[in-house]
Amino acid sequence: MDANGAVPVLELKGVSKSFGAVVALRNADLTLHAGSIHAVVGENGAGKSTLVKIMAGLYQRDTGTFEMDGKPVHFRTTAEAKAAGIAVIYQEPTLFPDLSVTENVFMGRQPVGRFGRIDKGLMRTEVAGLMDRLGVRIDPDRPADGLSIADQQIIEIAKAISLDARVLIMDEPTAALSGVEVERLFAVARSLRDEGRALMFISHRFDEVFALCDTVTVMRDGAYISTAAIADTSVPEIVRLMVGRDVNELFPKIEAEIGRPLLEVSGLSMPGVFREISFSVRSGEIVALAGLVGAGRSEVARAVFGVDPYEQGSVVLDGTPLPPHNPAAAMKAGLALVPEDRRKQGLVIDASVATNITDAIRPTLTRFGLITARAENVEAQVWARKLEVKTASLDAVAGTLSGGNQQKVVLAKWLAANPRVLIIDEPTRGIDVGTKSEVHRMMSELAGMGLAILMISSELPEVLGMADRVLVMHEGRITADLPRSEATPETVMFAATHTSEEVA
Amino acid sequence: MTTVPVTSTPGIGARLAGLARSRETGIFLALALVIVATTLKNPDFLFSADGWRNLLLNPSIVAVVAIGQAVVIISRNVDLSVGSIVGLTAYLVGSLFLAFPQIPVPLVFVIGVVFGGLLGAVNGALVAFGRVPAMVITLGTLYAFRGINVWWTGSKRINASDMPDGFLDLGTQQFLTIPVLTILAVVILVVVAWYMANTRGGREFYAIGSDPDAAELYGLAKTRRVLMAFVASGAASGLAGVLYTARYGTVNSQVGDGFELQAIGAAVIGGVAIVGGSGTVLGAVFGAYLLLTINSALPVLGIPDFWQRAVVGVLILGAIVLDRVLAQRQSRRLHEERSAA
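Just so you know, the sequences run in chain order A and B.
Under the working numbering, the residues of the first sequence are numbered 1 to 504, in order.
Under the working numbering, the residues of the second sequence are numbered 1 to 341, in order.
Careful: at least some of the hints might be erroneous.
Within a straight-line C-alpha distance of at most 25 Å, the following computed DSS-like cross-link-like pairs (lysine-lysine) qualify [said to hold, decoys possible]:
no.: 1; chain 1: A; residue 1: K253; chain 2: A; residue 2: K71
no.: 2; chain 1: A; residue 1: K120; chain 2: B; residue 2: K222
no.: 3; chain 1: A; residue 1: K120; chain 2: A; residue 2: K253
no.: 4; chain 1: A; residue 1: K53; chain 2: A; residue 2: K71
no.: 5; chain 1: A; residue 1: K53; chain 2: B; residue 2: K41
no.: 6; chain 1: A; residue 1: K120; chain 2: A; residue 2: K71
It is worth saying that the hints were derived from the structure and are not from the lab.
Modelling step: build the complete structure from the supplied sequences, incorporating the hints.
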């Protein structure tokens with residue numbers, strides 16, 4: 001019972017979970033009420049995911065109590081948690097690509113008639129009704145393959161509703177969504193709340209937490225820190241609780257001396273992807289490439305680096321033209337690209353930290369064509385220390401590190417190659433606040449050392465906080481080139497949603 | 001908000017369009033083309049009593065194996081041991097008739113199916129509980145089962161004279177000109193196809209093959225389903241072993257050798273994606289008929305032996321390329337539809 005006298009839908013008390021010697025969660029408390037959206041925030045590694053997995057039935061707690069409607073529960077499988085009315089929407093939805101939307105919603109609990117025959121008509125009608133209710137147009141018969149992440153999340157939500165889940169847990173659902181998609185998701189979340197369901201929302205974006213939630217629980221280092229009503233708290237307060245120290249400046253921008261242009265891109269075009277892209281980045285300058293997801297920002301970066309081809313235009317690095325579609329030449333000339341999807345493009349997940357860091361400078365480490373672990377470790381040590389990579393040892397497998405530390409390893413790998421121009425795609429996606437400001441500090445320092453940095457980012461505060469200049473893309477074109485003084489949320493969002501003619 | 005009118009079932013038109021586009025239709029047309037072309041060259045291929053019978057009868061044994069194989073492949077596994085299971089069961093059936101000449105024929109069928117199912121359960125248990133890739137496990141049991149067969153059989157062979165006429169007649173009997181064995185295969189096809197399309201269990205095979213990790217999160221009983229798929233494949237192969245004995249009457253230690261490749265080939269040609277999650281058992285059966293009909297048609301068309309194997313190879317590669325192209329086209333279309341919406 002709490003102050004309102006209502007029995008909470010779900011209550012965890014003193015829950016702990018260890019994996020061998022590693023304590024992932026200690027003494028966690030969480031109380032979810034019907035008709036409420038409860039935010040859980042904390043740095044990566046704070047234990048949020050472990051908590052979610054315990055509620056979802058994927059992990060079993062070691063100690064503590066777990067009650068629903070005041071009665072103790074114990075889930076051994078995801079099916080049991082589901083049956084009790086808990087639905088989890090993961091950051092990356094897990095659907096069956098070959099099966100239809102309808103089948104995805106009902107898999108494992110299809111309505112059956114005689115001889116176990118699935119009632120497909122009933123399923124279809126119900127899914128169509130759900131899509132209507134959620135205000136989206138997704139054909140119930142189309143396969144899940146090819147749906148955007150936002151649509152896949154909608155299907156996960158439809159699944160949760162059709163299950164009549166009383167507790168909906170959303171684990172960083174907005175990480176990969178654009179502004180419009182986030183709004184749609186929030187509208188759905190609010191309507192579910194108004195129906196009397198309990199929602200739990202995990203996010204790294206404070207503006208979203210404050211816009212959507214009514215209560216917030218902060219976790220740190222696997223432990224419960226505090227719970228407060230949103231109305232009674234503030235961003236600096238939450239950040240302080242999360243980090244355990246004051247982060248006065250989320251974006252510690254250091255003024256750097258701006259020198260000559262190092263990267264000059266002119267008239268870059270690739271039909272259907274981007275058109276007439278021209279810009280330059282100077283030494284010591286951080287230029288942000290902003291825009292909605294799908295505007296073609298990453299594609300431009302990949303073309304500039306030479307991973308993808310382009311049909312027209314040129315890329316000049318410090319006076320030397322780069323041959324198109326030749327990443328090896330770009331790397332040699334001093335260009336580095338830190339990609340967005342670390343796990344897929346930036347990191348060899350199964351290799352050691354040291355191997356990953358020395359990946360880009362491998363040829364310089366060889367003696368008679370052979371590489372020794374010693375040579376790798378010596379070089380890797382330098383960068384691992386500079387970036388404060390938290391790892392048990394340099395031999396640890398990269399995949400076991402936390403998201404923030406993986407990002408540091410990827411950065412270290414490129415910095416070891418000593419680049420002059422750094423293109424960095426979504427530098428802080430999926431990274432917690434503490435690491436975020438470390439990454440930002442690092443970028444500032446690099447700019448101060450005379451590097452030219454092109455940063456692709458979907459997070460407006462990051463763009464406005466870090467960039468000397470903001471380029472905005474919309475549908476494959478650059479629609480605005482704003483100096484720091486003119487860049488505001490309004491000007492950037494306007495350019496991101498309008499074509500250049502309208503902007504001009 | 002715009003509401004999309006959605007009826008509870010797709011219209012007749014949509015169904016016909018779907019049918020016309022389906023892989024099964026394409027394979028069926030290819031099969032018809034092969035038969036027509038060969039019959040034009042030599043009318044006996046289709047119109048003689050023997051020709052008609054062989055056309056239906058010969059592929060039906062591989063078709064039964066392919067049905068089981070398709071279920072396994074749909075759940076993102078593969079069963080390389082089916083040929084060895086066919087061989088071992090066939091020899092067991094022959095030995096049963098040698099030891100108990102009066103044994104009732106239906107009992108022999110039951111024993112064959114159960115025995116095959118048990119061998120399949122060995123595969124399934126090793127794959128599902130041992131978490132070892134099916135390719136490796138069943139490659140091992142392919143040799144192990146065949147080894148047992150050779151050790152047991154030695155250089156002996158069981159002949160038609162050792163078996164009762166009532167059993168051997170099954171191999172040649174016809175009902176309305178359609179061989180009994182073919183009817184049996186069709187009955188199995190209908191039952192399994194219905195199960196795969198219309199029951200929770202059937203759909204879960206597709207789900208597990210489509211994304212095993214998602215299946216885990218959905219709380220599907222993955223271990224049990226994978227085990228079941230292998231038991232089904234083993235049972236189908238066991239049945240095929242009984243059918244083989246009835247059809248040919250002679251059993252040595254090499255029965256069913258190479259069936260695994262024909263069954264996998266049939267499934268792949270019939271549109272069962274080797275990475276799991278899509279395809280139908282009907283497609284696999286059509287694939288088996290196409291594969292074996294081409295084998296018997298090529299000599300009639302006067303194509304030398306060497307080229308016959310090459311043609312089968314081209315067919316399989318062609319099917320895979322076709323799958324790839326179609327999958328990419330569909331994926332692109334789905335993305336475009338979505339961004340247009």
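Exercise. Does A:K120 pair with A:K71 here, judged by a C-alpha cut-off of 25 Å?
Worked result: Not OK: A:K120 and A:K71 at ~36 Å, beyond 25 Å, violated.
| message | Tell me if the straight-line CA distance from A:K120 to A:K253 falls inside 25 Å. | response | Violated - the C-alpha atoms of A:K253 and A:K120 are around 58 Å apart, more than 25 Å.
Hey, A:K53 versus B:K41, does the alpha-carbon distance stay inside 25 Å?
Roughly 67 Å between the alpha carbons, so the hint for A:K53 and B:K41 is violated.
Note to self: Between the alpha carbons of A:K253 and A:K71, is the straight-line distance 25 Å or under?
What the structure shows: Judged against 25 Å, a Cα distance of about 51 Å means the pair is violated.
For the pair we were handed, A:K120 and B:K222, check the Cα-Cα distance against 25 Å. holds (23 Å)
- Straight-line alpha-carbon gap A:K53 to A:K71, limit 25 Å: Distance of about 20 Å is within 25 Å: holds.
Going down the numbered hints, you'll see the structure goes against 1, 3, 5, 6, while the others check out.
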